[in-house]
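Let's have the full structure, built from the sequences with the hints guiding it.
Line by line, the protein sequences are chains A and B.
Under numbering that gives the first Met the number 0, the letters of the first sequence match residues 0 to 134, in that order.
Under numbering that gives the first Met the number 0, the letters of the second sequence match residues 0 to 491, in that order.
Careful: at least some of the hints might be erroneous.
Heads up, simulated DSS-like pairs for lysine-lysine below, C-alpha to C-alpha not over 27 Å straight-line [claimed, not checked]:
hint	chain 1	residue 1	chain 2	residue 2
1	B	Lys274	B	Lys239
2	B	Lys99	B	Lys239
3	B	Lys380	B	Lys444
4	B	Lys421	A	Lys50
5	B	Lys282	B	Lys99
6	B	Lys380	A	Lys66
7	A	Lys66	B	Lys421
8	B	Lys239	B	Lys282
9	B	Lys239	B	Lys278
Pairwise CB distance ranges (calculated) [what the hints assert, rightly or not]:
hint	chain 1	residue 1	chain 2	residue 2	range
10	B	Ser194	A	His86	46 to 56 Å
11	B	Leu410	A	Lys66	20 to 30 Å
12	B	Lys278	A	Leu108	56 to 66 Å
13	A	Leu4	B	Thr8	51 to 61 Å
14	B	Leu402	A	Ser120	18 to 28 Å
15	B	Leu121	A	Leu108	49 to 59 Å
16	B	Val182	A	Leu10	16 to 26 Å
17	A	Asn88	B	Pro126	29 to 39 Å
18	A	Val45	B	Glu236	54 to 64 Å
Rough simulated footprint, nothing fancy, chain B against chain A, three-plus residues with beta-carbon under 8 Å [said to hold, decoys possible]:
hint	region
19	12-19
20	26-34
21	39-50
22	73-85
23	89-99
24	102-111
It is worth saying that the hints were derived from the structure and are not from the lab.
Since the structure is predicted, the reported quantities are computational estimates derived from the model, not experimental observations.
From the three backbone atoms N, C-alpha and C, an ideal C-beta is built for every residue, glycine too.
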Amino acid sequence: MEGVLFLIISLFIIYHALSLHSFGEWALSPGLFPLILGVVLLILSVFLLRKTYGVKKAERGSVSDWKTTLLSIVLCMGYILSLPILHFNLSTIVYSFLFLLILGVRNILILTILPIGLTASIYYTFGVLLRVVLP
Amino acid sequence: MVSIADFFTLKFFALVFVGSLLGLVVGALPGLTVTMATALLVSITMPWPMVDALAVIMGVYVVGVYAGAISAVLINIPGAPSSVATTFDGFPLARQGKAKTALYAAAIHSFIGSIIGLIILLTVAKPVTKIALAFTPFDYFLFALFGLTMVGSLTSRSFLKGLISATIGVILSLVGMDPVFGVGRFTFGSTSLLSGINIVPALIGLFGFSEVLIQISQKGLGTIAEKIVKERVDLWEIIKHWRLSIQSSLIGTFIGALPGVGGPIAALMAYDAAKRTVKRPSKPFGEGAIEGVIASEAANNACIGGALIPMLTMAVPGDAVTAVMLAAFYVHGLRPGPTLFIQTPELFYAVVIGGFVGAFAVLILAVSLAPLLARVVTVPKCFLLPSVSVLCVIGAYAVNNSLFETSLMLLFGVLGFIMRMKDYAVAPLVLGLVLGNMMDFNLRKAVALAQTSDNFWLALVYRPITLVLILMLLFWLAFNLRGIKVFRGEGR
Numbered sequence: 000m001e002g003v004l005f006l007i008i009s010l011f012i013i014y015h016a017l018s019l020h021s022f023g024e025w026a027l028s029p030g031l032f033p034l035i036l037g038v039v040l041l042i043l044s045v046f047l048l049r050k051t052y053g054v055k056k057a058e059r060g061s062v063s064d065w066k067t068t069l070l071s072i073v074l075c076m077g078y079i080l081s082l083p084i085l086h087f088n089l090s091t092i093v094y095s096f097l098f099l100l101i102l103g104v105r106n107i108l109i110l111t112i113l114p115i116g117l118t119a120s121i122y123y124t125f126g127v128l129l130r131v132v133l134p
Numbered sequence: 000m001v002s003i004a005d006f007f008t009l010k011f012f013a014l015v016f017v018g019s020l021l022g023l024v025v026g027a028l029p030g031l032t033v034t035m036a037t038a039l040l041v042s043i044t045m046p047w048p049m050v051d052a053l054a055v056i057m058g059v060y061v062v063g064v065y066a067g068a069i070s071a072v073l074i075n076i077p078g079a080p081s082s083v084a085t086t087f088d089g090f091p092l093a094r095q096g097k098a099k100t101a102l103y104a105a106a107i108h109s110f111i112g113s114i115i116g117l118i119i120l121l122t123v124a125k126p127v128t129k130i131a132l133a134f135t136p137f138d139y140f141l142f143a144l145f146g147l148t149m150v151g152s153l154t155s156r157s158f159l160k161g162l163i164s165a166t167i168g169v170i171l172s173l174v175g176m177d178p179v180f181g182v183g184r185f186t187f188g189s190t191s192l193l194s195g196i197n198i199v200p201a202l203i204g205l206f207g208f209s210e211v212l213i214q215i216s217q218k219g220l221g222t223i224a225e226k227i228v229k230e231r232v233d234l235w236e237i238i239k240h241w242r243l244s245i246q247s248s249l250i251g252t253f254i255g256a257l258p259g260v261g262g263p264i265a266a267l268m269a270y271d272a273a274k275r276t277v278k279r280p281s282k283p284f285g286e287g288a289i290e291g292v293i294a295s296e297a298a299n300n301a302c303i304g305g306a307l308i309p310m311l312t313m314a315v316p317g318d319a320v321t322a323v324m325l326a327a328f329y330v331h332g333l334r335p336g337p338t339l340f341i342q343t344p345e346l347f348y349a350v351v352i353g354g355f356v357g358a359f360a361v362l363i364l365a366v367s368l369a370p371l372l373a374r375v376v377t378v379p380k381c382f383l384l385p386s387v388s389v390l391c392v393i394g395a396y397a398v399n400n401s402l403f404e405t406s407l408m409l410l411f412g413v414l415g416f417i418m419r420m421k422d423y424a425v426a427p428l429v430l431g432l433v434l435g436n437m438m439d440f441n442l443r444k445a446v447a448l449a450q451t452s453d454n455f456w457l458a459l460v461y462r463p464i465t466l467v468l469i470l471m472l473l474f475w476l477a478f479n480l481r482g483i484k485v486f487r488g489e490g491r
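Encoded structure:
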């Protein structure tokens, strides 16, 4: 599966590199290095396909909680999108509250104190002490 | 004229100590890496003078590498990849009620390792610079390639997957406007991508956010450690192994000086050497031998001085942290390399003296704060993860005050997560990302220069340094293929 994916990517890179080469000689062409990399990736993906063909999956890590992982990614995406609308303080409080809920925290005290404490400490450390511009 | 005395100021010392405290926290906490903290610091210290930024970064770097041993000893989870070998004997020592002995041994020999590595940096960096001045564009291309191939083979269990990871990293580094013709490469019409992929959000995503996702994906978010054992420490039992410490430090510095290898390999190789040279260890290796902790910790801290040599003299990072430090130089409009000592010698001294101060901070902090800070690992992970993810978002935003960089961080976080799940090492991708543009520029320059000569191939390769580099590249490729087999054998 991965081998096929890298094969498609390498073919796309070779195509893109060739389309870039309309500016003078190959020596200075913006497509020269991408073309070399595309060919290298193509060769490596063929090796990977050969290596994994007929072999059972033996991956190092295993995801036992796909639902929470995907929810965390979506939540972070929502957090980034909410930053220009709700600004740092409010969106961070809401984000960390929802994050804790996703992680299974149900204690009302923790759900209240942690998001506010986290937001306040980051705001003070980054925004006030280190003068970092916060969204 | 800059002198060493200029750095003996309260401000400089205070900045290194601030960095050291941060290094102690990020090093001790699994999930927070020194690389991530350095990446965050690059964005935070962007408006600062470069010397101040380097002082904080060196504090984080030296103490952070040591602090990885805290969680490695207490809970069998290396706080940093370079502390993997520390777990072999550190954790058995903790289970035998000797956690503090193991922690102090790690601190004292991390101090010795750091000092030896930095002395070698101080004495060897300038001669190396003279050699670097004779490098042609093609030599730089080969040197970068040399670093990439070694990362691909040594940081991943699969050589092939490591090479794929490095190739993808180099391809991603080409995203943006071509510096010669000004055409967009792999930008797909996006104006935001024309300036290329910023290394800082990419690093925060690949190391920081991907770690958050890994922790979430593998259920069991309870407390990390249950308790810290109280005991009396016999310091002589720790100090008497100074010969082993020097041996491991020399190994660590040598491995660190090889571009792209880094602390994990240095520590593993020093551990392996200790196993072969220590005839009568205090306990069998793997069952609580203090010698195992000493070898690993002296080597990974000595690696710092070694890793800084190619970074400062040739702008080729020795490991992931120096790759981020290289980004810090670029962010400040500076370029490490042969001219660093001529144009900005104060930066070289800031790195070295910052390192020395950081080494002393290891001792001070280990004695006073480490046992106390180690209790942080008793905090449930479900409280730490929201904090880390918010820090990732803020750190990425701080780079350009742009939400594009934040989205990029998220994207790289997910990419890093998938890669780690599929057993693709992230480090080769990072080095590819850092070195890619340099490789592209130098290759095109070298080919263009060689074309003006009568014999293209002779002009390209027929120089002593170039031939040596080609031989080194071929030798290391052959050595790595053999090395992987050895590591696989040990793994069983």
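Against the structure, the hints come out as follows:
Taking the CA atoms of lysine 274/B and lysine 239/B, the gap is about 17 Å. The hint holds against a cut of 27 Å. Taking the CA atoms of lysine 99/B and lysine 239/B, the gap is about 17 Å. The hint holds against a cut of 27 Å. Restraint check: the Cα-Cα separation between lysine 380/B and lysine 444/B comes to about 50 Å, which exceeds 27 Å; the hinted pair is violated. For the hint linking lysine 421/B to lysine 50/A, the alpha-carbon distance of about 15 Å falls within 27 Å, and the restraint holds.
With a C-alpha separation of about 17 Å, the suggested pair lysine 282/B and lysine 99/B falls inside the 27 Å cut-off, and the hint holds. For a cut-off of 27 Å, the pair hint linking lysine 380/B to lysine 66/A stands: about 18 Å separates their Cα positions. Note on lysine 66/A and lysine 421/B: the hinted pairing holds, with a Cα-Cα distance of about 18 Å set against a maximum of 27 Å. The straight-line distance between the Cα atoms of lysine 239/B and lysine 282/B is roughly 15 Å, inside the 27 Å bound, and the hint therefore holds.
Pair hint lysine 239/B plus lysine 278/B holds up; C-alpha atoms about 15 Å apart against a cutoff of 27 Å. At roughly 26 Å, the beta carbons of serine 194/B and histidine 86/A sit outside the given window of 46 to 56 Å. Against the hinted window of 20 to 30 Å, the Cβ-Cβ separation of leucine 410/B and lysine 66/A comes to about 21 Å, which satisfies the hint. Checking the proposed 56 to 66 Å range against lysine 278/B and leucine 108/A shows it holds: the Cβ atoms sit about 57 Å from each other.
Distance hint for leucine 4/A and threonine 8/B: a CB-CB separation of about 54 Å, consistent with the stated range 51 to 61 Å. Between leucine 402/B and serine 120/A the CB atoms are about 22 Å apart, so this pair conforms to the stated range of 18 to 28 Å. Remark: the range hint 49 to 59 Å for leucine 121/B to leucine 108/A is upheld by a beta-carbon distance near 53 Å. At roughly 21 Å, the beta carbons of valine 182/B and leucine 10/A sit within the given window of 16 to 26 Å.
A C-beta distance of roughly 54 Å is found between asparagine 88/A and proline 126/B, which places it outside the suggested range of 29 to 39 Å. Evaluation of the 54 to 64 Å hint for valine 45/A and glutamate 236/B yields a pass: the beta carbon distance comes to about 55 Å. Check result for the region 12-19 of chain A against chain B: holds, 3 residues qualifying (beta carbon to beta carbon below 8 Å, three or more required). For the region 26-34 of chain A, the stated coverage by chain B is satisfied: 7 residues place a CB nearer than 8 Å to a CB of that chain, which reaches the threshold of 3.
Only residues whose beta carbon comes within less than 8 Å of a beta carbon in chain B count, and the region 39-50 of chain A has 7; three or more means the coverage holds. Given as covered by chain B, the region 73-85 of chain A passes the check, having 6 residues with a CB less than 8 Å from a CB of that chain where 3 are the minimum. Figure legend: the region 89-99 of chain A, annotated as covered by chain B; annotation consistent (5 residues with Cβ-Cβ distances under 8 Å, at least 3 required). Counting residues of the region 102-111 of chain A whose C-beta sits closer than 8 Å to any C-beta of chain B gives 4, which meets the bar of three, so the coverage hint holds.
In this structure, the earlier hints numbered 3, 10, 17 are contradicted, and the remaining ones agree with it.
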